[in-house]
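Engineer: So the protein sequences, as listed, match chains L and H. Note that our numbering numbers the first sequence so that position 377 is 359, with each residue one more than the last. Counting from 1 along the second sequence, just add 64 to a position and that's the residue number in our numbering.
These are computed hints drawn from the structure, not numbers from a lab. Predicted, not measured: the structure shown is a model, and the values here were computed from it. Careful: at least some of the hints might be erroneous.
Dumping the calculated DSSO-like pairs for lysine-lysine here, alpha-carbon to alpha-carbon at most 27 Å [said to hold, decoys possible]: (1) L/LYS357 to H/LYS126; (2) H/LYS103 to H/LYS171; (3) H/LYS112 to L/LYS156; (4) H/LYS126 to H/LYS169; (5) L/LYS392 to L/LYS265; (6) L/LYS304 to L/LYS387.
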Amino acid sequence: MNYWLSLIISSVLGFLCVNIFRARNRIDPALHLIASLGLGMALSAHIIFYTLFTVGQYNAGFIWFLHAALFLILLTASLRGPQAKAIANLGLLRRLRAPHRPATCLPWLRHGAGQGRSRGRRNDKILWLGIGILALLLVPLWREANFYPFGGWDAWACWNLKSKFIFLGQENWKNMLDPLMWRSNNQYPFLLPLMNVWGWNFYGSFSPLVPMFNTILFTFLTAMLMFVSLRRLNGKLFSVVPPLVLFTIPFINTLSISQYSDIVLAFYLLGSFVFLIAAHEKKNIALAILAGCFCGIMSFTKTEGTLASVVIAGLSVPYFWKNKNTQPLLGPFLGAVAVSSLPTVLFQLFWAPENTSFINGLTSPSNPVTFVRLKMIFIFLCVELISPKWTGLWVLLMCGLLLGKIRSFKNGLGIVPAFLVLYLGCTLAYYLINTHYEIIWWLQNTLNRVLYTALPTIVWWIFYALWSEQKKTT
Amino acid sequence: MSVARTIFLFLCTTLIIFNACQLIQTLTPDRPVRFAGIKFSGLENILKQETHVGYITDLNLKETAPLAEYEQAQYVLAPTILDVNNPDHRFLIVNCSSDASAFSKLKDIGARPLTRNNFGVILAMRDQKISDKNLSTNTHAP
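Please build the complete structure, drawing on both the sequences and the hints.
Structural biologist: Below you can see the structure in the form of structure tokens.
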């Protein structure tokens, strides 16, 4: 119950926040809900970060105060503006009157307002059926998670360890940045640890249930985001196929419950593209702000998230600028990125220790970059993509890409392949240049996770390209 | 085009069914929860006032199992930092391959064992003379 309370508080904050963004433009209500949870969890984590920054240690009272203050500010802003009507339409009264009809309980979950009653009902059915099917994913996730209550290696060596330092360390929490802690990647940002601390705040102790629930939550949110955003295109139940293709793979299932930051990064990366492309397509400022928020939040998940955030922000300039209609979206997008990536900036400026696990192979005479290293990286990448652990997913995605043809690279979707090339290119270049680690060991342990974080976005992109073409032809 | 798309969806569904079957198979057997950090549990109550503690071992931390043991010990005892093979701390955790090796190390360091648990992990304390100089820097308790 304690965990759910933390979720409810965060999602209410997120909901009110998204509600303010959508003052001028509509957002699909189901997307609104998912964005609320994602944004709300990040808001709570950011509040704890600012508490650490100002008070110098974890302080439950101050965290509560900031949450209450933010709630009052957001509520006042919502009640005063044009969003008031949206809040009034939450349908709570209807829910009390007709609790047996889920579709009418939450009428704002319907696919598009103002549609015919029969179409609305059909979409409601598809939505609830899709949610029901995706909820089945929770069974293997929960079962597997119980075998790993402390998560995988990086969970206890990095993410949950940092959570414990913040939660129990009082004024010594910064010891987690001590050079002695180099094995815990102490130069990494720490969004997931802060989310864990937010959950522990309700337990009063470091319950292993919270990191477990958090990773299951983000896995489910990622699946839901894929489904809901693709449902917008065709309004059919086929939209559950992409998340199912991904999250039924046993290897993905294991990685998802490992309590790593990768699933959090995967969710915010997917969210950035879902909202960015929707904003571009509909010329919707609210969606552009949401995309900016997700992009900025992503920068605090881990170093790869910071890289992804910088790449997306950089690509957004030509993306929005080349079309006159979308030019007004660039400012709100970049503004949202700047505000939501403030913790990353503060962390890098004031706290981030030097990366001791970096040797520049381009200048180092003892560990130079070699051609063999480059060859190994490319061979390993090819071998990885056909590895049985992915159960043929990459081959299937390649078929999908060929089917989508030029559509996957054109118009609004061009930003995704451009991002993937730059992001994976930078990551592989880092593998090449940083000669601190044995390349085979490093690739074996990390490359699959780099691919895992990008997979929801890749799967979504390929299916989006296929179905958006279908929409166009029909 | 729509035929190709239907074939693609069919392939996806086949993959989902195949993966779901695999997933169900891997989930069926009950597996014991393994966490080496359990070896060190209980020490956190004794060491909670310490910011740094020495972690003395004769095991090679470049190997996976000893490194996992160290990392899990660090997790269990956080926010206390375990300083690997640095005996210049008031408290030392000795996790060696054998008792003989552990006691030999303690003798070399000049520390006395305080307690030993069932897993062979020894909590030791440095002699007062040597540890005095570290007290002010390593602890925040009087």
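Engineer: Each hint needs a verdict: does it hold in this structure or not?
Structural biologist: We went through each hint and held it up to the structure:
| no. | hint | in the structure |
| --- | --- | --- |
| 1 | L/LYS357 to H/LYS126 | 26 Å, holds |
| 2 | H/LYS103 to H/LYS171 | 23 Å, holds |
| 3 | H/LYS112 to L/LYS156 | 16 Å, holds |
| 4 | H/LYS126 to H/LYS169 | 20 Å, holds |
| 5 | L/LYS392 to L/LYS265 | 17 Å, holds |
| 6 | L/LYS304 to L/LYS387 | 23 Å, holds |
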